[in-house]
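Visitor: Using the sequences and the accompanying hints, generate a full structural model.
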Amino acid sequence: MSAVLDHHDGHDHAHDHPHGWRRWVYATNHKDIGTCYLWFSFAMLLVGGVNALLLRSELFQPGLQIVNPEFFNQLTTLHGLIMVFGAVMPAFVGFANWQIPLMIGCSDMAFARMNNFSFWLLPVAAALLVVSYFVPGGATAAGWTLYAPLSVQMGPGMDLAIFAVHIMGASSIMGSINIITTILNMRAPGMTLMKMPMFVWTWLITAYLLIAVMPVLAGAITMVLTDRHFGTSFFNAAGGGDPVMYQHIFWFFGHPEVYIMILPAFGIVSEIIPTFARKKLFGYSSMVYATASIAILSFIVWAHHMFTTGMPVTGQLFFMYATMLIAVPTGVKIFNWVATMWRGAMTFETPMLFAIGFIFVFTMGGFTGIILSVAPLDIQLHDTYYVVAHFHYVLVAGSLFALFAGTYYWLPKWTGHMYDEKIGKLHFWSSLISFNVTFFPMHFLGLAGMPRRYADYPMQFADFNALVTVGAFWFGLSQLIFLWAVVKCIKGGAKAADKPWEGAEGLEWTIPSPAPFHTFETPPVVK
Amino acid sequence: MAAAVSDMPGGPRVNQLNIADPVTRIAADQHWVHWFLMVICAVIFVLVFGVMFYSVWKHRKSKGFKPATFHESTSVEIAWTIVPFIIVIGMALPATRMVVEQKDTSNSDITIKATGYQWKWGYDYLKGEGEGISFLATLSTPREQIDDRQFPDARSKREANPTYLMEVDNALVVPVNKKIRIVTTANDVIHAWMIPAFGVKQDAIPGFLRDTWFKAEKVGVYRGQCAELCGKDHAFMPIVVEVKSEEDYRTWVEGKKKEMLAKQDDPNKEWQQAELQARGEKVYASNCAACHQASGKGVPGNFPALEGSKLVLGPQEGQIEILLKGKAGTAMASFKQLSDVELAAVMTYTRNAFGNKAEDGIVQPKEVLAARK
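In the order they appear, the protein sequences are chains A and B.
The first sequence begins at 1 in my numbering and counts up one residue at a time.
The second sequence begins at 1001 in my numbering and counts up one residue at a time.
FYI, nobody ran anything at the bench for these hints, they're computed from the structure.
Take the hints with a grain of salt, since some may be wrong.
Below 27 Å or equal to it, Euclidean Cα-Cα: the simulated DSSO-like pairs (lysine-lysine) are [to be verified]:
1. LYS1061(B) to LYS495(A)
2. LYS1256(B) to LYS1113(B)
3. LYS422(A) to LYS495(A)
4. LYS280(A) to LYS1061(B)
5. LYS499(A) to LYS1063(B)
6. LYS1066(B) to LYS425(A)
Just the calculated beta-carbon pair ranges, DEER-fashion [to be verified]:
7. VAL313(A) to SER1006(B): 39 to 45 Å
8. ALA1274(B) to VAL313(A): 54 to 60 Å
9. TRP39(A) to SER1134(B): 56 to 62 Å
Since the structure is predicted, the reported quantities are computational estimates derived from the model, not experimental observations.
For each residue, glycine too, the CB sits at the ideal point set by N, CA and C.
Guide: As structure tokens, this is what we get:
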């Protein structure tokens, strides 16, 4: 006990932290680690984006021009793995690191050193994935879902991918433990659970999802690993296994995973809409309950990814009904956001534009989700470009737009400068339009029956594919505008007030901008 | 840009916007339910975004609008939970009937097994008229139309081919207005058998049987493609179904049976090396060249070369075994579906082609037959 007190006496030492590269490698400060996460995920966004642009180049016209089909499959696979595990998930953890302590009024994350470890595992995993392109046979080409038995056939690139996913899973689990512990134990006095900001709520629920499902994924890919090297037959019918079992286990992870990538996005949007509508979030408690319902339902819908595997009638019906049910809490959230905007006094700075853009395009992805949930129709659309369009509408226009919205929203707090509103708006409009040019035509391709993960396609699909590729390059290059906006904001710009947004509420706006290295050493009291 | 390209008969139209024109009741139902859902979604879209954009337009600070203070209403929350719930039930009702119909594979007139191979389809007529017929269906679009890097004029050739990538050497043939049950399975990895015009898509899972059915109501040719990622040539294993009138189907069955009889080889016959090699070259081109390449050089890192391969040049038993059993954990699948003569021929070919000169260069069909037991 006295040691703890001594530490408090030597207060100044706590402000002494390493500089140069040591500041980042030895980082235990939640803001520094959050920054690491955010830069890492942006770098991965670019790497995953280059994968996407390469494969879109091949698909610009029919025939094979740029890459051969083996390499094409590697590109689709790594694009998926890198975007999901390298870009979107770490970006949200970055937001959690920066914002949760600031929003609940605590001095840091609960486990500072574990926090450091969970971040520094990620570059290792990313390196494994990127290096796998250069091993004999190249990277894994089994699709990001790594379905057995195709994944059992792959070369050593597959083993590297398995290890990479293991490591990223460990990182996610540690991050989640940290987040849960911080939220449950370190809230400022007076901040009851039902007074927490929505972003904190969504992350609390997300962290539980992560802890529940990452070990399931680890189990699935470990079974692939032992099938590959140690003579087991989990997924090999000849040895008594079942390839479809892999899909059940994978999607038991995979469906909660898609909510892991969207719930924190809901949280960010729920912070931004009230701020710029200058009106409290409509139906706070129903938002919390809707988030929790979505999370619970996410565990009983996994087999809607498997309607074509040939489930019995009762299986098809159960998973169809359960999936359709998700529309209800999701609808509640959208109605609540619209009701928050209703009769507010809105202004449209970049965060608000991205938040409204999020609601608009995410809802379109929700509609196609409803259509896909209808099992007899999914039979027609499964594994076509319709599905590709659907999940990019919810993941890019959903998660990614929310991440952009959140970045512009909190950037003044992080850097102490206002970002350039003109550049931000250019980034928004360029992204919104090019996003739709890229992904909207995919609905038509899918309805017409073009299967996904195809390196070449019939001539009749040529025009839409050419348009999609043009859109993809436009969308990809638009993200350099984002980089420009952020770098410019870090380097300078108008001085940001402690509370740069008129309608903002929350503890993070009570501290100076930029947020000092240590904040809330004495917890604030929430009335 | 692709002005020269025309619609594909039985396949996608140029820039097609909707689901393929249905030729089965199931596909027609899918069409209907898709429109039904689209209309519901469109109404919700207009309502929700009508309200949202009205608000965006009117409730602006720049227009001097003062924010209201309401932020809660239990009755509104209950209403917009219950209304979507009722809409969802309305969507589920027709869908339920369709699921039951799609899964009812009983009382079929003809049962055909479709086996997915990397990268072609095999068909065995198991029951009904045509029983006993079996053949493989491979992509018939030549490499000269696909690969622009090897063949500079590939582009003009494929533009002149309206069925580019959706044509096969042996189409599956079925009679019109008969219930056809398709039993799917696979030899190596998961594939999926799909014909959009029939509204049918069923995964083909190695070691397991799954089934689906269709009853085509119009004579014609209908095309689909493999719909589950199955490795490098996933995009190159299409499915073509020819729906014939009953009489035409009968004629086809008779013809096909005669053809199969004529093709039957006597496995005990002693074959000459030249004969085997000539036959083997064809077998090699349609079964082996996709991975090991026509040159026998393979694809370094992915598929081993046969040129100078120890296994090919070594004792015959080793090569026979790998062809019959495949190699676990690699893309080398079992090829036991090929006949003894075909296997003997292809081994003889590889032992003497690509500059290979194996000790015992001739593999006789009876040796394969013996190894099968």
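Visitor: Next, verify each hint and record whether it holds.
Guide: Structure-based check of each hint:
no.	hint	result
1	LYS1061(B) to LYS495(A)	holds, 23 Å
2	LYS1256(B) to LYS1113(B)	holds, 17 Å
3	LYS422(A) to LYS495(A)	holds, 16 Å
4	LYS280(A) to LYS1061(B)	holds, 15 Å
5	LYS499(A) to LYS1063(B)	holds, 23 Å
6	LYS1066(B) to LYS425(A)	holds, 25 Å
7	VAL313(A) to SER1006(B): 39 to 45 Å	holds, 41 Å
8	ALA1274(B) to VAL313(A): 54 to 60 Å	holds, 57 Å
9	TRP39(A) to SER1134(B): 56 to 62 Å	holds, 59 Å
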